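**Student:** Keeping their order, the protein sequence lines are chains A and B.
Under my numbering, the letters of the first sequence match residues 119 to 442, in that order.
Under my numbering, the letters of the second sequence match residues 119 to 442, in that order.
Calculated directly from the structure, the hints in this document are not laboratory data.
Please read these numbers as outputs of a predicted model, since none were measured by experiment.
Careful, some of the hints might be misleading.
Stated by the list, open to error - Pairs of lysine to aspartate or glutamate, EDC-like flavour, derived with a Cα cap of 20 Å:
id, chain 1, residue 1, chain 2, residue 2
1, A, Lys197, B, Glu178
2, A, Lys347, B, Glu161
3, B, Lys133, B, Glu161
4, B, Lys376, A, Glu153
5, A, Lys229, A, Glu247
6, B, Lys330, B, Glu310
7, A, Lys347, B, Glu153
8, B, Lys368, A, Glu129
9, B, Lys369, A, Asp210
10, A, Lys334, A, Asp315
11, A, Lys199, B, Glu178
12, A, Lys377, B, Glu153
13, B, Lys368, A, Glu161
14, B, Lys150, B, Glu129
15, A, Lys347, B, Asp159
16, B, Lys377, A, Asp159
17, A, Lys356, B, Glu178
There are 2 protein chains.
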Amino acid sequence: MLQIDKEKLLEELRKLNPKKVGLQFPEGLKSKAIEIADMLDYEVFIYGGNTYGACDVADEELSFCDCLIHFGHAEIPLKFKIPVIFMEVFDDIDLVPPLKKNLDHLEKKGKNIGLTTTVQHIPQLKNAESFLKSSGFNVYIGKGTERIKYDGQVLGCNFSVCTNIEDKVDYFLYIGTGYFHPLGITLNTGKEVFLMDPYIKKIENLEHEKTKLLKKRYAVIEKAKDAEKFGLIVSTRKGQYRMKEALYIKKELENLGKKAYIFLTREISPEELRGFNMDAYVICACPRIAIDDQSRYEKPILTVSEVSLISQTKEYEFDVIGGI
Amino acid sequence: MLQIDKEKLLEELRKLNPKKVGLQFPEGLKSKAIEIADMLDYEVFIYGGNTYGACDVADEELSFCDCLIHFGHAEIPLKFKIPVIFMEVFDDIDLVPPLKKNLDHLEKKGKNIGLTTTVQHIPQLKNAESFLKSSGFNVYIGKGTERIKYDGQVLGCNFSVCTNIEDKVDYFLYIGTGYFHPLGITLNTGKEVFLMDPYIKKIENLEHEKTKLLKKRYAVIEKAKDAEKFGLIVSTRKGQYRMKEALYIKKELENLGKKAYIFLTREISPEELRGFNMDAYVICACPRIAIDDQSRYEKPILTVSEVSLISQTKEYEFDVIGGI
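Build out the structure end to end from the sequences listed, making use of the hints.
**Tutor:** Put into structure tokens, the structure is as follows:
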């Protein structure tokens, strides 16, 4: 179950002694907004828009508040207009029973495991590590770049906790749900990845999904080769503002005889882009948008790192955001 | 046909001598974006999001530019972070032939006409006035509040060019398309309104649509009476930021024993609000959102002025934004 540490929250607020407090929740935590608002003896303002990560902090929109509490994500140390309290929300589900159940799958593949997860399972990761060690594995948990708060923590845009230890491990074990993060790990490291879903207690080798994804992405890239007008979409979300990449890609595409235009927006959707009649788009924002949302668009949507595959034959690279 | 005065645009830009130029287009003009971008010898950045009016200027999002060109709307004199050039886009369709065709409908109703339209027909309004005068009518074209640039110009949120002359006229003649503006006029003035669509050359008395709308709105208000938790949605769009109204409504609802929470967002949609589980919403933003989009929401969505009808029996008032 998801746990919000309310005592810690109140303590942090007492330190700042604000009058107006902003609250921001990702989709899965919006239902907690009223409980939190009712608990606080401050004037409260809630950000109502979509929130996709610690890269997406509404400090500009709520800059009239004295501080902002951003729920559910571990801090990315960006520069904010007002003090921002990152209230991580952890899931207390025990990772040992699902590991115990699936141990034989791992044993077949080798003894050196790279262990990784998303922020909500971080407090349980130590137990998982201990259990795996006591079962005879060598467990490696990597340190990340400055974008990453916890050892072993992956983001959709940053797999540095894995790339930093890839030489030592036979394969990675990702604990969590959904294909996006573990596919990023396998494409960034070249190593096999096991996805273990702790809720349904099942383990899956991602090799098949990886092949499927690459096939799809190469088809999209192939289609983009015929495009003449490219829209380069830069996000106005603080931690997804990849203008440097957009300016670089603009030149790169113009060198290929293509036309390229830079667009800025917060909510990236097929509806808002349709009117511009571009032949293809490059998402200079969260890498997840191109990979996960392609089917919603009529036109090819590339990640930043896929652009170079339009003109060169080289290995596929998963898009990452390295710096802050 | 829609006309962009490119010479004027280039002249305005020469005066500012910018390096980076931002461009912003409402939906209907997005297809012109590339033509404009290609014409300009500056570094160009295009706002990609939805744009709903002169109240919705992306100067914050494009504040790294040296100026912003906002297309299609007449200026509302808000405070902007960078210089903003409002490039109105006019339709050159002649209003006299459709008036000629429908004159008998007007004659039956009286000689004193309040004449009004939206910004794209403003340059043609003089001809329409002359024709009506030469046909024996007394024509009144009202001045608006500071939000309104042109005599006779209505916005979806401001009908001051009509309320300022309502004592003198028998009825209003609105030239344009869609029911929203003319319904606003009839509900703000109590006068009958004729809608004349210059494209299909047809005239329509709005009394029937007015009755239909009121019936719908009273049903929504009735449903909102049972709501316990109200979400008051304040827009972060510059000219739709109605925080004062939200704070007032919060007290008003709390006095009725309801709970009320203030939300801030740019793109107001059922998807982003669903997670908060409110029983009803009040749109402290563009009045059009509640009236036009109610059917997209499962919960009652009220305008600012409809809130008082929860507790009082009084005449229905169309929501307006009076100041800047």
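**Student:** State for each hint whether it applies.
**Tutor:** Hint check:
1. A:Lys197 <-> B:Glu178: holds, 17 Å
2. A:Lys347 <-> B:Glu161: OK: Lys347 (chain A) and Glu161 (chain B) at ~17 Å, within 20 Å.
3. B:Lys133 <-> B:Glu161: At roughly 16 Å apart (the allowed maximum being 20 Å), Glu161 (chain B) and Lys133 (chain B) satisfy the hint.
4. B:Lys376 <-> A:Glu153: holds, 16 Å
5. A:Lys229 <-> A:Glu247: holds, 13 Å
6. B:Lys330 <-> B:Glu310: Since the Cα atoms of Lys330 (chain B) and Glu310 (chain B) sit roughly 15 Å apart, the hinted pair holds (cutoff 20 Å).
7. A:Lys347 <-> B:Glu153: Holds, because 12 Å separates the two Cα atoms, which is no more than 20 Å.
8. B:Lys368 <-> A:Glu129: Measuring from Cα to Cα gives roughly 27 Å; hence the hint is violated.
9. B:Lys369 <-> A:Asp210: Violated - the C-alpha atoms of Asp210 (chain A) and Lys369 (chain B) are around 39 Å apart, more than 20 Å.
10. A:Lys334 <-> A:Asp315: The given pair, whose Cα atoms are some 24 Å apart, is violated under the 20 Å limit.
11. A:Lys199 <-> B:Glu178: Given pair Lys199 (chain A), Glu178 (chain B) holds - Cα atoms ~14 Å apart, limit 20 Å.
12. A:Lys377 <-> B:Glu153: Given pair Lys377 (chain A), Glu153 (chain B) holds - Cα atoms ~12 Å apart, limit 20 Å.
13. B:Lys368 <-> A:Glu161: holds, 11 Å
14. B:Lys150 <-> B:Glu129: holds, 19 Å
15. A:Lys347 <-> B:Asp159: holds, 18 Å
16. B:Lys377 <-> A:Asp159: Holds. Lys377 (chain B) to Asp159 (chain A) sits at ~15 Å (cutoff 20 Å).
17. A:Lys356 <-> B:Glu178: Satisfied, since the Cα-Cα distance of roughly 13 Å is no more than 20 Å.
In summary, the numbered hints that this structure violates are 8, 9, 10.
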